[in-house]
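Trainee: Chain by chain, the residues:
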Amino acid sequence: MIVEIGHYALILALILSLVQSVLPVWGAVTGNDRMMAVAPPVSGMMFLFVGISFAALTMAYATSDFSVLNVVENSHSAKPFLYKLTGVWGNHEGSMLLWVLILVLFGALVAAFGRNIPTELRAATLGVQGMVSFAFLLFLLVTSNPFLRLSPAPMEGNDLNPILQDVGLAIHPPLLYVGYVGFSITFSFAAAALILGRVDAAWARWVRPWTLLAWMFLTLGIAMGSYWAYYELGWGGYWFWDPVENASLMPWLSGTALLHSAIVLEKRGALKVWTVLLAILTFSLSLLGTFLVRSGVLTSVHAFATDPMRGTFILGILTIFVGGSLALYAWRAPLLKQGGLFAPVSREGALVLNNLLLTVSAVAVFVGTLYPLALEVVGGEKISVGPPFFNLTFGPLMVPLLIAMPFGPLLAWKRGDLYAVSQRLYAALGLALAATLLVAWLQGVDRILAALGFGLGIWVIAGAAAEILSRARFAQVGLSTGLRRLVGLPGAAWGAALGHIGIGVTVLGLVAATAFQVEKVVTIRPGESVTVADNTLTFGGLARRTGPNYIDDVGHFDILKGGVKVAETDPAKRLYTARKMPTTEAGIVTFGFSQVYVSIGEVHDDGGADIRVYHKPLVTLIWLGCLVMAFGGALSLFDRRLRVGAPKPARQRMVPAE
Amino acid sequence: MPGMTLWIAFALLTVAAALAVLVPLARGRRGHAPAAAHDAEVYRAQLDEIERDLDRGLVSEEAATAARTEIARRLLAASREAEASGAADAATGTKDKADAAASLPGSPARRGASGLLQVAVVIAIPAAALFTYLALGSPDLADQPLSARLEDTQQNRSMAALVAKVEQHLADNPNDGRGWDVLAPVYMRLGRTGDAVVAYRNAIRLVGSDERRETDLGEALVILAEGIVTAEARAAFDRAVALDPKAVKPRFFLALALGQENRKDEAITAWKALLAEAKGGEAWVEAVRMEMAKLGAEVPPSPALPGPDREAMAAAAEMSASDRAEMIRGMVDQLDTRLSAEGGTAEEWMRLMRALAVMGDGPRLREVKDRALVALKDDPVAQAKLRGLAEELGIGS
Numbered sequence: 001m002i003v004e005i006g007h008y009a010l011i012l013a014l015i016l017s018l019v020q021s022v023l024p025v026w027g028a029v030t031g032n033d034r035m036m037a038v039a040p041p042v043s044g045m046m047f048l049f050v051g052i053s054f055a056a057l058t059m060a061y062a063t064s065d066f067s068v069l070n071v072v073e074n075s076h077s078a079k080p081f082l083y084k085l086t087g088v089w090g091n092h093e094g095s096m097l098l099w100v101l102i103l104v105l106f107g108a109l110v111a112a113f114g115r116n117i118p119t120e121l122r123a124a125t126l127g128v129q130g131m132v133s134f135a136f137l138l139f140l141l142v143t144s145n146p147f148l149r150l151s152p153a154p155m156e157g158n159d160l161n162p163i164l165q166d167v168g169l170a171i172h173p174p175l176l177y178v179g180y181v182g183f184s185i186t187f188s189f190a191a192a193a194l195i196l197g198r199v200d201a202a203w204a205r206w207v208r209p210w211t212l213l214a215w216m217f218l219t220l221g222i223a224m225g226s227y228w229a230y231y232e233l234g235w236g237g238y239w240f241w242d243p244v245e246n247a248s249l250m251p252w253l254s255g256t257a258l259l260h261s262a263i264v265l266e267k268r269g270a271l272k273v274w275t276v277l278l279a280i281l282t283f284s285l286s287l288l289g290t291f292l293v294r295s296g297v298l299t300s301v302h303a304f305a306t307d308p309m310r311g312t313f314i315l316g317i318l319t320i321f322v323g324g325s326l327a328l329y330a331w332r333a334p335l336l337k338q339g340g341l342f343a344p345v346s347r348e349g350a351l352v353l354n355n356l357l358l359t360v361s362a363v364a365v366f367v368g369t370l371y372p373l374a375l376e377v378v379g380g381e382k383i384s385v386g387p388p389f390f391n392l393t394f395g396p397l398m399v400p401l402l403i404a405m406p407f408g409p410l411l412a413w414k415r416g417d418l419y420a421v422s423q424r425l426y427a428a429l430g431l432a433l434a435a436t437l438l439v440a441w442l443q444g445v446d447r448i449l450a451a452l453g454f455g456l457g458i459w460v461i462a463g464a465a466a467e468i469l470s471r472a473r474f475a476q477v478g479l480s481t482g483l484r485r486l487v488g489l490p491g492a493a494w495g496a497a498l499g500h501i502g503i504g505v506t507v508l509g510l511v512a513a514t515a516f517q518v519e520k521v522v523t524i525r526p527g528e529s530v531t532v533a534d535n536t537l538t539f540g541g542l543a544r545r546t547g548p549n550y551i552d553d554v555g556h557f558d559i560l561k562g563g564v565k566v567a568e569t570d571p572a573k574r575l576y577t578a579r580k581m582p583t584t585e586a587g588i589v590t591f592g593f594s595q596v597y598v599s600i601g602e603v604h605d606d607g608g609a610d611i612r613v614y615h616k617p618l619v620t621l622i623w624l625g626c627l628v629m630a631f632g633g634a635l636s637l638f639d640r641r642l643r644v645g646a647p648k649p650a651r652q653r654m655v656p657a658e
Numbered sequence: 001m002p003g004m005t006l007w008i009a010f011a012l013l014t015v016a017a018a019l020a021v022l023v024p025l026a027r028g029r030r031g032h033a034p035a036a037a038h039d040a041e042v043y044r045a046q047l048d049e050i051e052r053d054l055d056r057g058l059v060s061e062e063a064a065t066a067a068r069t070e071i072a073r074r075l076l077a078a079s080r081e082a083e084a085s086g087a088a089d090a091a092t093g094t095k096d097k098a099d100a101a102a103s104l105p106g107s108p109a110r111r112g113a114s115g116l117l118q119v120a121v122v123i124a125i126p127a128a129a130l131f132t133y134l135a136l137g138s139p140d141l142a143d144q145p146l147s148a149r150l151e152d153t154q155q156n157r158s159m160a161a162l163v164a165k166v167e168q169h170l171a172d173n174p175n176d177g178r179g180w181d182v183l184a185p186v187y188m189r190l191g192r193t194g195d196a197v198v199a200y201r202n203a204i205r206l207v208g209s210d211e212r213r214e215t216d217l218g219e220a221l222v223i224l225a226e227g228i229v230t231a232e233a234r235a236a237f238d239r240a241v242a243l244d245p246k247a248v249k250p251r252f253f254l255a256l257a258l259g260q261e262n263r264k265d266e267a268i269t270a271w272k273a274l275l276a277e278a279k280g281g282e283a284w285v286e287a288v289r290m291e292m293a294k295l296g297a298e299v300p301p302s303p304a305l306p307g308p309d310r311e312a313m314a315a316a317a318e319m320s321a322s323d324r325a326e327m328i329r330g331m332v333d334q335l336d337t338r339l340s341a342e343g344g345t346a347e348e349w350m351r352l353m354r355a356l357a358v359m360g361d362g363p364r365l366r367e368v369k370d371r372a373l374v375a376l377k378d379d380p381v382a383q384a385k386l387r388g389l390a391e392e393l394g395i396g397s
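For the record, the sequence lines run as chains A and B. By the count of the numbering used here, the first sequence reaches residue 658 at its end, each step adding exactly one. By the count of the numbering used here, the second sequence reaches residue 397 at its end, each step adding exactly one.
Everything labelled a hint here was simulated from the structure, so no lab data went into it. For every residue, glycine included, the Cβ atom is placed at its ideal position computed from N, Cα and C. Mixed in with the good hints there might be a few duds.
Pulled a few chain B residues facing chain A out of the computed Cβ check, cut under 8 Å [said to hold, decoys possible]: (1) Ile8; (2) Ala11; (3) Val21; (4) His38; (5) Gly115; (6) Leu116; (7) Pro139; (8) Ala171; (9) Phe252; (10) Asp336; (11) Thr337; (12) Ala341; (13) Glu342.
As a list, the in silico DMTMM-like pairs of lysine to aspartate or glutamate whose alpha-carbon atoms are at most 20 Å apart [claimed, not checked]: (14) A/Lys267 - B/Glu167; (15) B/Lys385 - B/Asp244; (16) B/Lys165 - A/Glu266; (17) A/Lys267 - B/Asp244; (18) A/Lys337 - B/Glu62; (19) A/Lys580 - B/Glu49; (20) A/Lys414 - B/Glu49; (21) A/Lys267 - B/Asp195; (22) A/Lys580 - B/Glu167.
Partial list, derived from the structure: chain A residues whose beta carbon lies under 10 Å from chain B [claimed, not checked]: (23) Met36; (24) Ala60; (25) Phe139; (26) Glu156; (27) Ala204; (28) Glu266; (29) Ala270; (30) Leu425; (31) Leu429; (32) Leu431.
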C-alpha cells in the first residue's frame with residue numbers, strides 16, 4: 001500500500017506542477033493576485049507529495065520489498081542496511097526522484113522564505129520552477145518510473161553496483177544534486193525577471209543567497225566525489241577530467257562567476273543583462289550535465305543505464321529549456337535598463353575580469369568535454385581529450401585569475417587605486433616569493449614551475465588574509481580594538497576572504513600532490529619492504545575475510561618512519577559475490593596533511609601481490625580547501641544584512657462598497 | 001480491508017492537492033506592495049548598512065557620503081515609482097470598486113471567471129491524477145517486505161523461500177558452518193552450482209574437512225566446469241581419498257581426470273581397480289564400463305550375480321504390464337529367500353526394501369525391515385542405513 005501511495009503522490013505532484021506552470025505566471029503577467037497566491041501553497045504541497053513518494057521508495061528499499069522492480073534491480077537482502085537506504089539514489093530511477101525532490105524543495109524554500117521578494121517576481125519564479133518540475137516529473141513517470149511492480153515477486157534482488165556501496169555514495173550525490181538542482185532556482189529567477197521585464201535591486205538582493213546556497217553544496221559535492229574516486233577507484237587520482245566530472249565543474253565555474261556578478265548587480269546596479277544570462281547558462285550547464293550522465297552518452301561508473309528513450313527525453317528537456325530561455329533572453333533582455341558606470345580599474349572591473357576568466361575556462365572545459373562526442377557523432381572517429389588538453393587550456397586561464405584574486409576585494413567601487421592596493425599586498429607578495437624560493441631550494445631548481453605554483457597558492461591565501469586584516473586596521477586602532485573589529489566584520493566579508501583562502505589551500509594541495517608525489521609499483525612478498533619518500537612499508541601478507549556480501553583479500557602493511565613503526569594499514573581487494581565484481585579498497589594513512597596510499601592489484605599464488613604505493617604530500621589540502629570555501633559560503637549566507645524587511649502593502653484592501 | 005484504506009489515502013491526498021489550489025483562488029484579493037516598494041526596502045537596508053560600516057570605521061566618511069548620495073538617489077526613484085504604481089493600483093481598485101458596485105458581490109458575471117477556474121480545478125486535478133494512476137499503478141498489489149514474506153507460512157513451503165531464509169541467517173552469521181553444510185546440497189539440487197561451491201568451501205573451512213564434503217565440493221566444481229575435472233576439483237578429490245582411501249566417488253572422478261588428461265594407461269588401471277571392488281548393481285559400474293570403452297580398453301564382462309541380467313531386462317521390457325509385475329515379484333521373492341537363508345549386506349536388504357516399496361506391498365515391507373534389522377543387529381552402521389531408508393519410505397520407527 002505504501003508503495004502505491006508513493007506512486008500516486010508522485011502523479012499528484014506532476015499534476016500540481018502543471019497547475020504551477022500556468023496559473024502563477026499568468027497571474028504575474030496579468031496582475032491577478034488570486035492566481036499569484038496559488039504559487040506558495042502549491043509549492044509546499046508539491047514538496048510534500050514528492051517527499052511522500054521518496055519516503056515510500058526508501059521504505060521499499062529498507063524492507064527489501066521485491067515486488068518493486070527498482071528494488072529487485074538494485075538491492076539485495078544481504079546488503080548492509082545503510083546501503084539499502086543509499087541504494088535508493090544509487091540507480092537511475094531513484095536518483096532522478098532525488099533530483100526532482102531537490103527541485104521541489106527549492107521551490108518550497110522560496111515559497112517559505114521569500115516573503116520579502118516582490119509578489120510578481122515570486123509568483124513567476126515559482127511558476128518557472130513549476131515548469132522545470134513538470135518536465136522532470138513527466139520524464140520520471142514516463143521513462144524511469146521507480147514504482148513499477150512485479151508479481152509474483154522474486155525472493156532476491158540483483159544487488160547494487162558494488163563500486164557504489166560506499167559511504168561516499170551516501171553523501172556525494174545528494175550534495176552534488178543540491179548544488180546542480182539549486183541552480184534551477186536562479187534560472188527560474190532569471191526567467192521570471194525576463195518575463196516581467198525588470199531586473200531591480202530586490203531581484204539582485206534575492207538571487208544572490210540562492211546562488212550561494214547552490215554553489216556551497218556544489219562545491220562540497222564535487223570535493224566529496226573527488227575524494228570518493230580517490231579512495232575507491234584505487235589509482236590514487238582525484239580528478240580525471242572525466243566528462244562526468246567536467247559536467248559538475250562547468251556549472252561550478254559559471255556559478256562562481258554568477259556569484260560574483262550578482263555582487264556587482266546588487267551593489268551597483270550594473271551587469272544586469274550579463275547576470276541574467278549567467279543564471280540561465282549555469283542551470284543550462286547543470287541540465288547538460290544531467291543529460292551527459294543520464295543518457296548513457298558516456299559510458300562510465302555514472303551511467304547507470306543506457307536507454308535511448310531516456311536520452312532523447314532529456315535532450316528534449318534540455319533543448320526546450322535552454323533554447324526557450326535563450327530565446328526569451330534575446331527577446332526581453334533589451335528591455336532591461338542598464339545602470340552604474342565604472343572605471344576599468346575598480347571593484348566592478350575586477351569582478352568583470354573574474355567573470356571573463358571563469359566563463360572562458362568554463363568554455364574550455366565545455367569544448368574539451370563535448371568536442372570528442374561531437375566528433376564521434378559526425379565522423380564516427382573516437383578521440384579522447386585527456387588531461388593534456390585541460391592542462392594547456394584550463395591551467396593558463398587559472399593563473400591570471402589567481403594572480404588577480406587578492407586585488408579584487410581591496411579595490412574600491414567605481415574607481416580604484418591599483419598602486420595603493422599593491423602597497424597593501426607587499427607582505428603577501430613577500431610571503432609568496434619566500435615560499436617559492438623555499439620550495440625551489442628544497443625540491444631543486446628544475447622544479448621551478450611547481451615552486452611557482454606553490455607560491456601562487458600562498459599568494460592567494462596571504463592576499464585574502466591581508467585584505468581581512470587591513471579591514472581590522474590593527475595599525476591604527478591597536479590590538480584589542482582591532483580584534484573586536486575583526487570579529488565584528490560582516491559575514492559577507494569573512495565569507496569572501498574564506499572563499500579565496502579556500503581556493504589558495506586547494507591550489508597548494510593540487511600543486512604539491514601533483515608535482516611532489518612519489519609513486520612505486522612493485523611486486524611484494526610477505527616480509528618484504530618498499531620505501532616511498534621517508535616511509536617504509538613492510539608487507540605482512542594476505543588474509544581472506546568474509547563480509548556481509550563480499551569477500552576481501554586483505555593485505556597488511558606496517559608503516560615505518562626512520563625504523564620506527566608509526567602506523568599500519570589494511571588495503572584490500574574485494575569481490576562482491578552477488579555480482580561477481582571486484583573492487584579495490586585502498587589503504588590510506590594520513591600524516592599531517594600528507595597521505596600514504598596503498599592499493600593491491602594482482603594477487604599471486606605464492607602469497608605475493610602487485611601493489612601501488614604513493615606518497616602524496618599535502619594532498620588532503622585539496623579537499624580541506626573546498627571545505628573552507630563552503631564554510632565561507634555559509635558565513636556569507638547567514639550575513640545578517642540579508643534580513644531586509646518586506647514592505648507593507650501599499651494600502652489595505654477595502655471591503656466591497658455598499 | 002487494505003484496498004479500501006488505499007483508496008481513502010488517495011482521496012485524502014487528492015483533497016489536499018485540490019485545496020492547495022482552491023483556497024488561494026477562492027480567498028478574497030489581498031493587495032500587495034508594488035515591486036518598487038521592495039526595491040526601496042533594499043535601498044533602505046543598504047543605507048543602514050553604510051551607517052553601521054561608518055560606525056565601525058570600515059569605510060571613510062567621504063566614501064560613505066558618496067555611497068549615501070548614490071543610494072539615496074536610487075531610493076528616491078524607487079519610492080516615486082512605488083507611489084505611482086500604488087496610485088495606479090488604487091485607481092484600478094476604484095475601478096474594481098465601481099465594478100463591484102455595479103455588479104453586486106456574488107453576481108454571476110463576477111463569479112464567472114474565477115468560479116469557472118475553481119470548478120475546473122476541482123474536476124481536473126482528481127480526474128487527471130486518477131486517469132494517470134490507473135494507467136501506471138498497481139492498486140491491487142500489496143507491499144511485500146521480505147521479512148514478512150519469510151514468516152508467511154504459505155510461502156514457507158517453497159524451497160526458494162527456505163533457501164532465502166537460510167541465506168539470511170547465514171548473512172547474519174557467516175561463521176555458522178552447519179548452516180553452509182545444510183545449504184550446499186540444496187544449492188546443488190536447485191542448480192545453483194556456483195553458490196554450492198562457495199557453501200561447500202565455507203562448510204569445509206568452518207566445520208572441517210571430511211570425505212563427503214571434499215567429494216561433493218569436487219563434484220560441484222566439475223559440474224561448474226561442465227564436466228572437466230579441474231585442478232582445483234582434483235585437489236578436493238585427492239583430499240577426500242586421503243581421508244578415506246576406500247571411497248569410490250572421489251576415485252571415480254580421479255580416474256575420469258586421468259582420462260581427460262590423456263593418461264590412458266593410468267586411467268584404465270584406475271578404472272580396473274574400481275571395477276574390481278564393485279559388488280555389481282552399483283549405479284556407477286555402467287559408467288565405468290563406458291569410460292573404459294571410450295579409452296579403448298578391454299571391458300571386462302559384467303560381474304555375475306545380483307541384479308537381473310541383460311537378457312532378463314530386455315525380456316521384461318517386451319512384456320505386458322502384468323507379466324512384468326509377475327516377473328519382478330518372482331525376482332523379489334528369489335532375493336528374499338536368498339537373504340533370509342544366507343544373509344546379506346545392508347545394500348542387498350535395502351534393494352529388497354526399495355523393490356517392495358515400488359510394488360506397494362506395505363505390510364511385507366515392514367516385515368522385511370524388521371527381519372533385516374535382526375539380521376544385521378551387530379552392524380550399527382548398517383542398522384542406521386536401514387532406519388534411514390525406512391524413514392525415507394515412510395515406515396520409520
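Trainee: For the hint on alanine 171 of chain B, just tell me whether its beta-carbon gets within less than 8 Å of chain A.
Mentor: Interface hint status for alanine 171 of chain B: holds (4 Å vs cutoff 8 Å).
Trainee: Does the interface hint hold: is phenylalanine 252 of chain B within less than 8 Å of chain A, judged Cβ to Cβ?
Mentor: violated (28 Å)
Trainee: Is the interface hint satisfied for histidine 38 of chain B? The criterion is a beta-carbon contact with chain A at less than 8 Å.
Mentor: Since chain A brings a Cβ to about 4 Å from histidine 38 of chain B, closer than 8 Å, the hint holds.
Trainee: Once the shortest beta carbon distance from leucine 429 of chain A to chain B is found, is it less than 10 Å?
Mentor: Cβ of leucine 429 of chain A sits 24 Å from chain B, so the hint is violated.
Trainee: A closest beta-carbon separation below 8 Å is what the hint needs, so does proline 139 of chain B meet it against chain A?
Mentor: The hint holds - proline 139 of chain B has a Cβ within 8 Å of chain A, the shortest such distance being about 6 Å.
Trainee: For the restraint on phenylalanine 139 of chain A, tell me whether the closest CB of chain B is nearer than 10 Å.
Mentor: violated (14 Å)
Trainee: Let me know if the C-beta of glycine 115 of chain B comes in closer than 8 Å to any C-beta of chain A, holds or violated.
Mentor: violated (12 Å)
Trainee: Grab the minimum C-beta distance from leucine 116 of chain B to chain A and call the hint holds if it beats 8 Å, violated otherwise.
Mentor: Leucine 116 of chain B check fails; min Cβ-Cβ to chain A is 13 Å, beyond 8 Å.
Trainee: Is the shortest C-beta separation between valine 21 of chain B and chain A less than 8 Å?
Mentor: With a minimum Cβ separation of about 6 Å from chain A (threshold 8 Å), the hint on valine 21 of chain B holds.
Trainee: Should the interface hint for glutamate 342 of chain B be scored as holding, given a Cβ-Cβ cut-off of 8 Å against chain A?
Mentor: violated (53 Å)
Trainee: Interface hint check: glutamate 266 of chain A, Cβ to nearest Cβ on chain B, cutoff 10 Å. Holds or violated?
Mentor: holds (8 Å)
Trainee: Is it true that the CA of lysine 580 of chain A sits at most 20 Å from the CA of glutamate 49 of chain B?
Mentor: Distance of about 63 Å is beyond 20 Å: violated.
The earlier numbered hints that this structure contradicts are 1, 2, 5, 6, 9, 10, 11, 12, 13, 14, 16, 17, 18, 19, 21, 25, 29, 30, 31, 32.
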